[in-house]
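Chains as they are written, first to last, in my numbering: chain A, 1 to 472; chain B, 1001 to 1302.
Keep in mind that the hints were calculated from the coordinates and are not lab data. Check each hint, because a few of them may be wrong.
Here are a few chain B residues that face chain A, going by a calculated C-beta distance under 7 angstroms [to be verified]:
#1 L1040
#2 S1043
#3 P1137
#4 A1145
#5 S1155
#6 G1158
#7 F1263
#8 S1265
Beta carbons: idealized from backbone N, C-alpha and C, even for Gly.
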Amino acid sequence: MNSTRRDILRRGVVAGVMATPAAGLLSSCAMGGGDDSGDDTASRGEKTAENPFGVKADAPLDVVIFNGGYGEEYAKAHEAMYSEKYPNAKITHSATQEISKTLQPRFVDGSPPDVVNNSGAGQIDPGGLVSQGALADLGELLDAPSLDIPGKKVRDTLLPGVVDVGSYDGKFLVLNISYTAYGIWYSTKLFADRGWAYPKTWDDHIALCRTIKAAGIAPWTYAGKHPRYMSWPVISTAIKLGGLDVAKNIDNLEPNAWKSDAMKTSADAWHQIVKDQFILPGTPGLDHVQSQTEWCRGKAALISCGSWIENEQKAVTPAGFDMAIAPTPSLGASDKLPFEAIRGTAGEPFIVPAKAKNVAGGLEYFRTVLSMRGAKDFTQKVSALSAVSGAADGVALPPGLTSVVKALDASGTSGFNWVYNNYYRKLERELVDAACGEFFSGRIGPTEFLDLCQKGADMIAQDSSLKKYKRA
Amino acid sequence: MRHGKYPLIITFLVPPLLLYGVFVVSPYLQAFQISTTDWLGYSADANFVGLDNFVRLWRDDYVWNAVKNNAILLALLPVLTIALGLFFATMLNMGGRGGRAGVTGVRGTAAYRLVYFFPQVLSVVIIAVVWQQVYHPNAGLINAALKPLGIDGPSWLGDPRTAFWCVLAVMVWANVGFYVVLFGAAMQAIPRDIYEAVLLDGASRLVTLRRITIPLLWDTVQVAWIYLAIAALDGFILVQLMTNGGPNFSSDVIGLRMYNTAFASETKFGYASAIGVVMFFLTLSVAVLALRASRRERIEFS
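Bound conformation, chain A alone (with noise of 0.2 angstroms):
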């Protein structure tokens, strides 16, 4: 009696033992998901001029917000706007510093949020949902009558190179909602102080070093620990010189596009400010804010940044400290861009997912975001550029943001971007600042600099599972 209970028993453990993985297999599976066809047709309304889009007035929708530098007040202003105009619709708010670990699952269950702000340390690498298929088409919205400023469509009232950076083999998937240049940064009080000019050739900026170098301050410093700050200078310079094919070549992984001359006169002419010891001692152990930081006590005068870096600094900042942006400095007269050309492009990216319960509701909501009303209620909440040509008029803005928007200004059609950071994000983020930290340590010249830039880009041309992109 005894016995043959606990074979009973035994039996039942081990079958419980061995049904337990398989039921976890069946019902936690990370890759099961749903099969919808991310057909939206169905959850369409009725398109009208007012509402281009045809967005069910009552259809829920679901925003993710990457809680980051901008915080997440300025989505929930977008979110009251939107419901202004549909206020049967009910909306999820989320906020998120982790965006790839909290989205991943309901991406692969087919049940991912109507708009994402796909941004921070977290965000999912774009071109791995481009290839994927995740995404929503975004031409529509382009095509559609902007929300309040009259007569223009949406795609005209953007600031250059938005529509660029967000697509992908010329479909516009991500919209990025504000504006970052990308240059050299020094404190004019500094720079008053000593009664240094900001250089605008070469030549003026190594003479610059040597009296800053004289005067017992560093000239440079960069963030050591991730040194592809320092290829920002490097290819814009490049690009300034030998014109905007440098920056295509290198995005369309052209043969030895890293090795053209333009790249090589360049990488050159950055040799020497290691070779002359124009770099803060010690700065490759330094992170990005660590490195800022030395940078905002006075120890460098100079520092590779984007426009984030105001707000980075904000709390070290001495005040009167006026930090001010500048386009890297002009090779020579046979430069094919002039000294005013920046690199100038769109920032903080936002999605639709193809599998998004309400794609139309997400379209509206960027149209939101996109208005004028939108567009200038996040400059001011954030102190940041909005992607929405003259947002910033008449908006107060502090010393740093005043100089992007003047240096904007002068850059004017002459600016660039180049964006295979974002089609290949390994490229820019391991291999290229591999390189740069070697390079501007000291520890290789410029030829190999560049070979290996140029080894990195074959590789991911070579690597057979990453979908390639051309530009335009």
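Based on the hints, put chain B in the right spot on chain A.
Relative to chain A, chain B alone:
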């Protein structure tokens, strides 16, 4: 009494087994399955590619570089940590200078014990952040201390020649306190009269450690060895926070390769799972080997 036994066992056994099955066993099994696909992580589409990921992995220099670093960790972390742990534990438990009868620790043992255990209380993330500041090339504790001596310290985490060793040092620092306590507790269990006897025979402290303490502690050392070997194959958190594998991949480890492949610079979940599967077998073999290699005849005292 007997009648109530099985329901009781079941009540206590099934929930943990179920949890273990769902949250531990099934992800492992899934990782094996995913490692044979080209899954990119954000759709339900994945194609079976057989062992392609493993072939690719075999040819991936960056993975080999990471494996090499883990191998160095494996060779050094257990030895250094256990050696330091034994040394400190000995000093705390029987390092006191003679004069009085009996075997005692050095003066201030209680305070030392507390201090050694500090790192164990801190979360790894905090340890990483604190040490990042200690290694700060210009304002950090180390270089600030070197400056008055006229030495311009290196940039530590910023130099491929030193970055990896800096992380190793922090790993040892963070682990040693726990083993001091572990070994100390085991030493308390060794009968005092053995020590008194060898002291009377005139054995030095080193001989006592080598001939008496270590053989009697061997079981504990063995356990420590396995734990540390497994920790050496990981090292992910400290490396990611302190150097992110850099500069120029000089401090990369397998765990970071896996993470970056899946979450950071790419979304190749299939390939990352293959790295995970390799890591799983590496860890398993290392644990088994460590057990085998350190197996000795057990010395009992009664």
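Status of each hint after checking the structure:
1. L1040: Because about 5 angstroms separates L1040 (chain B) from the closest Cβ in chain A, which is inside the 7 angstroms limit, the hint holds.
2. S1043: For S1043 (chain B), the interface hint holds, since the closest Cβ of chain A sits about 4 angstroms away, which is under 7 angstroms.
3. P1137: Given a least distance of 3 angstroms, the restraint on P1137 (chain B) holds.
4. A1145: 15 angstroms, violated
5. S1155: 3 angstroms, holds
6. G1158: 3 angstroms, holds
7. F1263: At 6 angstroms from the nearest chain A Cβ, F1263 (chain B) passes the 7 angstroms test, so the hint holds.
8. S1265: 4 angstroms, holds
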